[in-house]
Amino acid sequence: MTKFDFVAIGDVTTDAFIKLSEAHIEDCVKYETKELCMPWGMKVPYEGVVVVPAVGNCANATVAAARLGLSSALLSNVGGDKFGVEQLEALTQNHVSIELMRTHENMPSNYHYVLSYRGERTILVKHEPFPYSMPDVGSPTWFYVTSLGEHSLEYHDVIVDYLLAHPDIKLAFQPGTFQMKLGTQKLERMYRRTDIFFCNVEEAQLILETKSREIKDLMNMVSELGPKIVCITDGSRGAYAFDKASGEYWFHPIYPDTKSPVDRTGAGDAFSSTFAIALAKGKTIPEALSWGPINSMSVVQYYGAQEGLLNENQIMEYLETAPEDYKPRRL
Numbered sequence: 223m224t225k226f227d228f229v230a231i232g233d234v235t236t237d238a239f240i241k242l243s244e245a246h247i248e249d250c251v252k253y254e255t256k257e258l259c260m261p262w263g264m265k266v267p268y269e270g271v272v273v274v275p276a277v278g279n280c281a282n283a284t285v286a287a288a289r290l291g292l293s294s295a296l297l298s299n300v301g302g303d304k305f306g307v308e309q310l311e312a313l314t315q316n317h318v319s320i321e322l323m324r325t326h327e328n329m330p331s332n333y334h335y336v337l338s339y340r341g342e343r344t345i346l347v348k349h350e351p352f353p354y355s356m357p358d359v360g361s362p363t364w365f366y367v368t369s370l371g372e373h374s375l376e377y378h379d380v381i382v383d384y385l386l387a388h389p390d391i392k393l394a395f396q397p398g399t400f401q402m403k404l405g406t407q408k409l410e411r412m413y414r415r416t417d418i419f420f421c422n423v424e425e426a427q428l429i430l431e432t433k434s435r436e437i438k439d440l441m442n443m444v445s446e447l448g449p450k451i452v453c454i455t456d457g458s459r460g461a462y463a464f465d466k467a468s469g470e471y472w473f474h475p476i477y478p479d480t481k482s483p484v485d486r487t488g489a490g491d492a493f494s495s496t497f498a499i500a501l502a503k504g505k506t507i508p509e510a511l512s513w514g515p516i517n518s519m520s521v522v523q524y525y526g527a528q529e530g531l532l533n534e535n536q537i538m539e540y541l542e543t544a545p546e547d548y549k550p551r552r553l
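First residue of the sequence shown: 223, per our numbering; consecutive thereafter.
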């Protein structure tokens, strides 16, 4: 068994990015958000489509880890169709090990549609009901657990059992949509075993069932569930971290865009995975907070969540030329 630095666990998919040309945005009172609107029952033109295999939170994290010099592997499932073959090939091309991947010949692979409009994205998702299982993966330095399907509840307990039997493995947890909907009680053991937790402000409100936007309060509430370090991002307003061991709260601004974003898909994945990878490489929390936004800034300059991921030399170059106020601040 290969000794990996970084093993991500989650659902891998192929994303088809469809750039819309005729749509508009409306306020949605019911859900207190915005709605993407298009004519109903009509032919709607679009500008183009870009298909990107082997993406999703978990795959994006493994590619980020490989680019930054860690031995990286993905523990996930693909179908026996051409999309599954393409996903495995893309992972290999990005120097991510597929040693832990499982192919299900009689099932389709995950395939999502990303509607891109004005630099923002709306994603149509469907997680195929793959039979999840936890093989012997040895003792990698880090697990990175992220988006899994709604039928994955028991699998989380299997993962936690493995972690309890291997206490040296550190766990980063970036919940996906269905994991957030499961609630904190059903995933209580996962939260208690987590070393680093990632989400954005709106996700924290959903997870904690609160309307509060007070970042310190949100981080404290998540920390009480078990995670040792809590990171919460707030879009263009920056990112925050709380370290339970030291009691320190940190804020970090975003890295200014070098040009207008093309697509924001994967910006959160880039920040979260890069933060965890920086810690895995021996960096401090303030240093990790400086690394994350740089990869986020780079990723949004491209379609897909991986083309813009940087290597360590590139991140250091951006740090050397960063604006004077691009630095962590204690709260």
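Simulated from the structure, these hints should not be mistaken for lab results.
All figures in this text were calculated on a predicted structure; none of them were measured in a lab.
All residues carry an ideal CB built from backbone N, CA and C; glycine is no exception.
Hints should not be assumed to be uniformly reliable.
Derived CB-CB ranges, DEER-like [said to hold, decoys possible]: (1) R435 - E470: 39 to 45 Å; (2) G504 - D249: 23 to 29 Å; (3) R435 - R411: 44 to 50 Å; (4) K225 - D249: 49 to 55 Å; (5) G405 - P351: 16 to 22 Å; (6) P351 - K549: 28 to 34 Å; (7) E431 - E376: 34 to 40 Å; (8) K481 - G302: 36 to 42 Å; (9) H246 - L375: 35 to 41 Å; (10) E410 - C259: 36 to 42 Å; (11) R411 - D390: 17 to 23 Å; (12) E470 - Q427: 33 to 39 Å; (13) D379 - S468: 26 to 32 Å; (14) E327 - E529: 26 to 32 Å.
The calculated lysine to aspartate or glutamate pairs, modelled on DMTMM-like cross-linking and capped at a C-alpha distance of 20 Å, are [claimed, not checked]: (15) K392 - E372; (16) K403 - D390; (17) K450 - E529; (18) K481 - E327; (19) K408 - D390; (20) K256 - E424; (21) K503 - D465; (22) K408 - D383; (23) K450 - D439; (24) K505 - D417; (25) K505 - E446; (26) K392 - E342; (27) K392 - D417; (28) K225 - E321; (29) K403 - E254; (30) K304 - E327; (31) K549 - D465; (32) K241 - E529; (33) K392 - E410; (34) K466 - E436; (35) K481 - E546; (36) K505 - D390; (37) K450 - D479; (38) K466 - E529; (39) K503 - E327; (40) K466 - E410.
Verification of the hints:
| no. | hint | verdict |
| --- | --- | --- |
| 1 | R435 - E470: 39 to 45 Å | violated, 21 Å |
| 2 | G504 - D249: 23 to 29 Å | violated, 46 Å |
| 3 | R435 - R411: 44 to 50 Å | violated, 28 Å |
| 4 | K225 - D249: 49 to 55 Å | holds, 52 Å |
| 5 | G405 - P351: 16 to 22 Å | holds, 21 Å |
| 6 | P351 - K549: 28 to 34 Å | violated, 46 Å |
| 7 | E431 - E376: 34 to 40 Å | violated, 24 Å |
| 8 | K481 - G302: 36 to 42 Å | holds, 41 Å |
| 9 | H246 - L375: 35 to 41 Å | holds, 38 Å |
| 10 | E410 - C259: 36 to 42 Å | holds, 39 Å |
| 11 | R411 - D390: 17 to 23 Å | holds, 18 Å |
| 12 | E470 - Q427: 33 to 39 Å | violated, 23 Å |
| 13 | D379 - S468: 26 to 32 Å | holds, 31 Å |
| 14 | E327 - E529: 26 to 32 Å | holds, 30 Å |
| 15 | K392 - E372 | violated, 24 Å |
| 16 | K403 - D390 | violated, 29 Å |
| 17 | K450 - E529 | violated, 31 Å |
| 18 | K481 - E327 | violated, 43 Å |
| 19 | K408 - D390 | violated, 24 Å |
| 20 | K256 - E424 | holds, 13 Å |
| 21 | K503 - D465 | holds, 18 Å |
| 22 | K408 - D383 | holds, 15 Å |
| 23 | K450 - D439 | holds, 15 Å |
| 24 | K505 - D417 | holds, 15 Å |
| 25 | K505 - E446 | violated, 25 Å |
| 26 | K392 - E342 | violated, 33 Å |
| 27 | K392 - D417 | holds, 6 Å |
| 28 | K225 - E321 | holds, 11 Å |
| 29 | K403 - E254 | holds, 18 Å |
| 30 | K304 - E327 | holds, 11 Å |
| 31 | K549 - D465 | holds, 17 Å |
| 32 | K241 - E529 | holds, 18 Å |
| 33 | K392 - E410 | holds, 17 Å |
| 34 | K466 - E436 | holds, 18 Å |
| 35 | K481 - E546 | holds, 19 Å |
| 36 | K505 - D390 | holds, 18 Å |
| 37 | K450 - D479 | violated, 31 Å |
| 38 | K466 - E529 | violated, 34 Å |
| 39 | K503 - E327 | violated, 37 Å |
| 40 | K466 - E410 | holds, 18 Å |
Hint compliance for this structure: hints 1, 2, 3, 6, 7, 12, 15, 16, 17, 18, 19, 25, 26, 37, 38 and 39 are not met, and every other hint is.
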